[in-house]
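Here is how the chains run, residue by residue.
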Amino acid sequence: MFLRLSPGTSSPGISMVAVRQGERRIRIVADQSMSEPNRRDFLFLATGAAGAVAVGGVAWPLISQMSPDASTIAAGAPVEVDLAPIAEGRAITLKWRGKPIFVRHRTAAEIEASKKDDASGLPDPQADAARVRAFEGKALEQWVVVYGNCTHLGCVPIGFSGDFNGWYCPCHGSHYDNAGRIRKGPAPRNLDIPEFTFLSASKIRIG
Amino acid sequence: MAEHHSTYVPKTGFERWLDARLPIVRLMHDSAVSYPVPRNLNYFWTFGGILMFMLVSQIVTGIVLVMHYTPHVDYAFQSVEHIMRDVNYGWLMRYMHANGASMFFIAVYIHIFRGMFYGSYKAPREVLWILGVVIFLLMMATAFLGYVLPWGQMSFWGATVITNLFSAIPVVGEAIVVWLWGGYSVDNPTLNRFFSLHYLLPFMIFGVVILHVWALHHVGQNNPSGVEVKNYKKDTVPFTPYATVKDLFAMVCFMIFFAWFVFYQPNFLGHADNYIPADPLKTPAHIVPEWYFLPFYGILRAIPDKLGGVVAMFASIAILAFLPWLDTSKVRSGKYRPWFQFAFWTFVIVSVLLGYTGSQPTDKVVLAIGGQTRLDMVDFAQILTAIYFAYFLVALPLLGLIEKPKALPASIADSVLGPAGSGHIAGAHAAPPKH
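If you're matching them up, the sequences are chains A and B in order. For the first sequence, my numbering assigns the number 1 to the initial residue and increments by one for each residue that follows. For the second sequence, my numbering assigns the number 1001 to the initial residue and increments by one for each residue that follows.
Treat the hints with caution; some may be incorrect.
Unchecked claim - In silico contact screen, one side only, chain B against chain A (beta carbon under 10 Å); selected entries:
#	residue
1	Trp1157
2	Thr1163
3	Asn1164
4	Ala1168
5	Thr1244
6	Pro1280
7	Lys1306
8	Leu1307
9	Ile1319
10	Phe1322
11	Pro1324
12	Ser1359
13	Asp1363
14	Val1378
15	Asp1379
16	Gln1382
Source of the hints: derived by calculation from the structure; they are not laboratory data. Here the structure is a predicted model, which means the values were calculated and not measured. Backbone N, C-alpha and C define an ideal beta-carbon position, used for all residues, glycine too.
Build out the structure end to end from the sequences listed, making use of the hints.
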């Protein structure tokens, strides 16, 4: 507690005397150290601390209630997707956790084109190999699985369009290539890849 | 003007009894009857009253709509159609509410530009001005939340884009967005909380409006000459009947304009896409916000970087709060500042053009010379954004230092009657009547 100069506070005597006598600062501090915090100081501090804890305790539920609830989390459980019906050169959109997921079956020519661009100064550098997943040690390069929300502001890009024959977002003009990598426009990142694993060469589990 | 003394005299026994216990009639008399207003106010000064009318209109129609609306993703769109088709006068309430939002913004933009032209933000009205900026922000939030409720395509994708703005915040952005949504995407929890907040915010606006009016009545109104009141007898007239009648007349004219939209062009200011139910798997080909957000949306899209765009957009609004300190001129009213006038009107035109760029596809060509030199919508918006900020950060600070203003009138009475007329007021008796 710092020096109290106003009369009428809990320990006015010592401090006031010290100032009136014009003693050196160090003496005043020494005097102050002698005035022990009294019971009222303790009660003020204790009440204030208890009040802060109480306010925090009430505020947290009010904030936390806005986070995803148990039913929302349960509805977002993993799903299995059969890839067999998706022909080469085609793509499907499925909905998981309220969001679109694109599953694209690339042709050999498309994979080739994407690999060629690996070193062409991408805004979010990532090799084509890092955009695909493997099954039993063998990379299944033909399957690109990405979230269908533009990393700019969340619109759904249109497939097989844009300057790189990948996806084009109509909202603010982001162009992605066939591996879902951002090539041009305001989006900061490549299309996000959901957590997924191959259960067989033609079946995946998302989540 | 705060110094003017109360002239309220309780007439009946009940008024005397009440006045001694709760002087509410005195408060109303002093703020809306005897309150002195500058005698030279033009019609741009009626928009404060019009805005109050619009706020009440929105609250009344809104409360009625809530009686029939269902805030659930499966029923929201249908319940709006139910209001349109089944509820008695539901179509009227909804069209009044939807078009009322647009009218509210038309009035607030005129109100803001009036303040900017006549220097109403300058000392001692800085707090009054900042409270106005707070109201504007609350209005924008309310309008955005309300637009989501019909759960059409534009509602859904507008909500997605705007909530995703927060994902631009480094590190915690994504977590904040999930918290705002209450899920992994814009969904039912999002709709429910938006409905709750859309109901709350107008009452917060109402509270800040009370502070805004309090601050106004404490410092007194600015006026077209920008000269402070010097002599109450010569420079002012009592609020009632002068301002009350003028405000009411302007309000009726504004209501006719409002009614024309409601009854003849109820969907002109909206988007056809919002009559398609929300589809999380398909974004409309060309999403745009409501017209009143377009200039800010234009700024957002002008910056080819996500965080940069979001920062620029919020900065374009936040900078308004600093206006009192960015404008270095001692002369308040733009009427006496020829160079300022040029800067001001440039700013107005640039704001409108930014709105235009916000409404157009980003890759649309604005200028092509010989098929070579090109200016597309993004380039154009960048130039306009630079001018927008230059008005605040370059023009206003510098003009105050280098501009030579015209001679100011000695008083408000002089500005109306000319120096010759001062002292004896023209007309039979324009002096404030005794009350």
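Item to check | Numbers of the earlier hints that this structure fails to satisfy, in rising order | outcome: 5, 9, 10, 11, 12, 15, 16
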